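In order, the protein sequences belong to chains G and W. By my numbering, the letter at position 27 of the first sequence is numbered 347, and the numbering carries on one by one without gaps. By my numbering, the letter at position 86 of the second sequence is numbered 361, and the numbering carries on one by one without gaps.
The set of hints was computed from the structure by calculation and includes no laboratory data. Keep in mind that a hint or two might mislead.
Unchecked claim - Restricting the straight-line Cα-Cα distance to at most 30 Å, the calculated cross-link-like pairs of lysine-lysine (DSS-like) are:
{"id": "1", "chain 1": "G", "residue 1": "K544", "chain 2": "G", "residue 2": "K497"}
{"id": "2", "chain 1": "G", "residue 1": "K750", "chain 2": "G", "residue 2": "K722"}
{"id": "3", "chain 1": "G", "residue 1": "K572", "chain 2": "W", "residue 2": "K343"}
{"id": "4", "chain 1": "G", "residue 1": "K738", "chain 2": "G", "residue 2": "K722"}
{"id": "5", "chain 1": "G", "residue 1": "K544", "chain 2": "W", "residue 2": "K345"}
{"id": "6", "chain 1": "G", "residue 1": "K661", "chain 2": "G", "residue 2": "K572"}
{"id": "7", "chain 1": "G", "residue 1": "K661", "chain 2": "G", "residue 2": "K575"}
{"id": "8", "chain 1": "W", "residue 1": "K343", "chain 2": "G", "residue 2": "K544"}
{"id": "9", "chain 1": "G", "residue 1": "K661", "chain 2": "G", "residue 2": "K584"}
Given the structure is predicted, the values throughout are model-derived calculations rather than measurements.
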Amino acid sequence: MQPDPLAADFRRDRGSFRDPGGFIVRHGEHVFRVVLPSAAERWRQFAASALAAELQSAGLLVSTHEVTPDTLASTLPLPDGALVLQHERIPFVSYPYEWTFDMLRAAALLQLEIVERSLKHRWILKDATAYNVQFQGVTPLFIDVLSFAPLQEGEPWAGYNQFCRMMLYPLMLEAYKRVPFQPWLRSELEGIDPVVFGRMFRGIERLRPGVLSHVVAQAYLQRKFSSADYSVRQQIKAAGMTTQMIATNVHKLRKLIVDLHLPKESTTWSDYSRAHYSEDALARKEAFVRESVAGRRFELGWDMGCNDGRFSKLVADAADTVVAMDSDAGSVNRLYCDLRKDGRTNILPLLVNVANPSPAQGWASCERASLIERGEPQLTLALALVHHLVISANVPLGALLKWLSQITHELVIEFISKEDAMVQRLLLNKDDTYSDYNRESFESYLHQHFRITSRTELPGGTRVLYHAVARN
Amino acid sequence: LLLVVAWALLNVKLWWASDSARILLGEAAVLHFVSFTAFYVDPGSGSMILQLLLGGVSGVYVIFRLFKQKILSMFGIATHDTSVVKPLTGPVPPESEDPHRRSA
Numbered sequence: 321m322q323p324d325p326l327a328a329d330f331r332r333d334r335g336s337f338r339d340p341g342g343f344i345v346r347h348g349e350h351v352f353r354v355v356l357p358s359a360a361e362r363w364r365q366f367a368a369s370a371l372a373a374e375l376q377s378a379g380l381l382v383s384t385h386e387v388t389p390d391t392l393a394s395t396l397p398l399p400d401g402a403l404v405l406q407h408e409r410i411p412f413v414s415y416p417y418e419w420t421f422d423m424l425r426a427a428a429l430l431q432l433e434i435v436e437r438s439l440k441h442r443w444i445l446k447d448a449t450a451y452n453v454q455f456q457g458v459t460p461l462f463i464d465v466l467s468f469a470p471l472q473e474g475e476p477w478a479g480y481n482q483f484c485r486m487m488l489y490p491l492m493l494e495a496y497k498r499v500p501f502q503p504w505l506r507s508e509l510e511g512i513d514p515v516v517f518g519r520m521f522r523g524i525e526r527l528r529p530g531v532l533s534h535v536v537a538q539a540y541l542q543r544k545f546s547s548a549d550y551s552v553r554q555q556i557k558a559a560g561m562t563t564q565m566i567a568t569n570v571h572k573l574r575k576l577i578v579d580l581h582l583p584k585e586s587t588t589w590s591d592y593s594r595a596h597y598s599e600d601a602l603a604r605k606e607a608f609v610r611e612s613v614a615g616r617r618f619e620l621g622w623d624m625g626c627n628d629g630r631f632s633k634l635v636a637d638a639a640d641t642v643v644a645m646d647s648d649a650g651s652v653n654r655l656y657c658d659l660r661k662d663g664r665t666n667i668l669p670l671l672v673n674v675a676n677p678s679p680a681q682g683w684a685s686c687e688r689a690s691l692i693e694r695g696e697p698q699l700t701l702a703l704a705l706v707h708h709l710v711i712s713a714n715v716p717l718g719a720l721l722k723w724l725s726q727i728t729h730e731l732v733i734e735f736i737s738k739e740d741a742m743v744q745r746l747l748l749n750k751d752d753t754y755s756d757y758n759r760e761s762f763e764s765y766l767h768q769h770f771r772i773t774s775r776t777e778l779p780g781g782t783r784v785l786y787h788a789v790a791r792n
Numbered sequence: 276l277l278l279v280v281a282w283a284l285l286n287v288k289l290w291w292a293s294d295s296a297r298i299l300l301g302e303a304a305v306l307h308f309v310s311f312t313a314f315y316v317d318p319g320s321g322s323m324i325l326q327l328l329l330g331g332v333s334g335v336y337v338i339f340r341l342f343k344q345k346i347l348s349m350f351g352i353a354t355h356d357t358s359v360v361k362p363l364t365g366p367v368p369p370e371s372e373d374p375h376r377r378s379a
């Protein structure tokens, strides 16, 4: 389907401005890339290359084809000689700080594989930002076709430092130090600085694979050369740097990352669905969710507090895409690994704390979009979530339901009353100041913002499920 | 082995920035004739040098070429072209004005 060229809502992607060779333009469902005249010849060479064909057929590169510039030219002024490409749309854009360890690891290995394949064809990636990878379900895809440049003998890989900051160091941080990388990447959009990261390794820790070479040495050299007033790039070219050196480094980086693993630790939620529900209650809950979506088709569904993804999978049968979110990294990572094995392609697991979803940030506070801006769901699941938000995170119950009505059209929500053992546990060391945390108030707030279409009480009497449609 | 060599090179504290720059500049003249990829990301000076160290034995050899003067003089081996000392800023002299460059 071709977009209406006269439509006014062609908008330049606000995160796409760093590469002088071009930028992304969105129009509804469609994603275009403008290639400016300075990069047009390079793109043509790449598009015709054996490398492009190889990467496309291996499913590593986002599917791309050239369209006529007229598609955009009537609404967006384009310089003469500019080209317009159309990309296959990524159903839901996600960011490295929402990925789990194994997702970032897969993205890093994809980058390195692309560099290795490129070198064989005398091409290279001129950067290595983690934002050049997007997940289509659980499959990482390289999306920036303008990152490819013809290899110049004697030049280093310009993206090596960026690769370390945005991919290698975050993985090392979690694998070696058991520190989650997501909060760091969320605030430092350029990744972790080598000098700062180097301070985390002392004594024998520096002997862990890759630390001495990629962290300590890089930090040392960065400090030593920070004030150099000559072009190191020219010098090393003159001294005889070869492509083989890049290939050797990239090959070793790949081996290093393949051997990085998440430390084995049990997580809070790992066996939640089995531990807190009887078989009967679980079956009833599944049946309710299944009935709520039966015979329907949703473009985008969210499962907030997805845990092991049991209900995300039910919704995935009725939705084009399901974003499965949880604030527990262990659960999300396990779900990612399960989905990789399952071969399911329409569930995207993301690490999201609903009490603090990803903000809009970066340059002009809009380079990276907030979670909500990236696609509003037609259906949202909020199962066994409300008590965590209200009692652990102190979000007012009325405000929570109002917010839900603003982000989703339909809602399947579970209310767990104070008598339930799980809620009791949350209140053990707190004063019970949650006077409106009861079924009557919950239903009243829900009714205020949604039309309740069905409800069911689970065996045990403390848990009630609702299917509701927003009034606005 | 590579790591040991790399670590040794770092630990002998080559007088990197200022001194080595003079030696480095000796090589700069040939660069008027070569083309470069348009880098819009700063690859980082230190990270570029590191890529030589991590690039295998031949990379270590290139490092040696880059910092030959310093490395040799550290071991008390005087080289005949130590006079390749250029100002750190300002224009690089053409090749013909530098009789010592070829042997560097």
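- Message: Could you work out which of the previously given hints the structure breaks and list their numbers from low to high?
- Response: none
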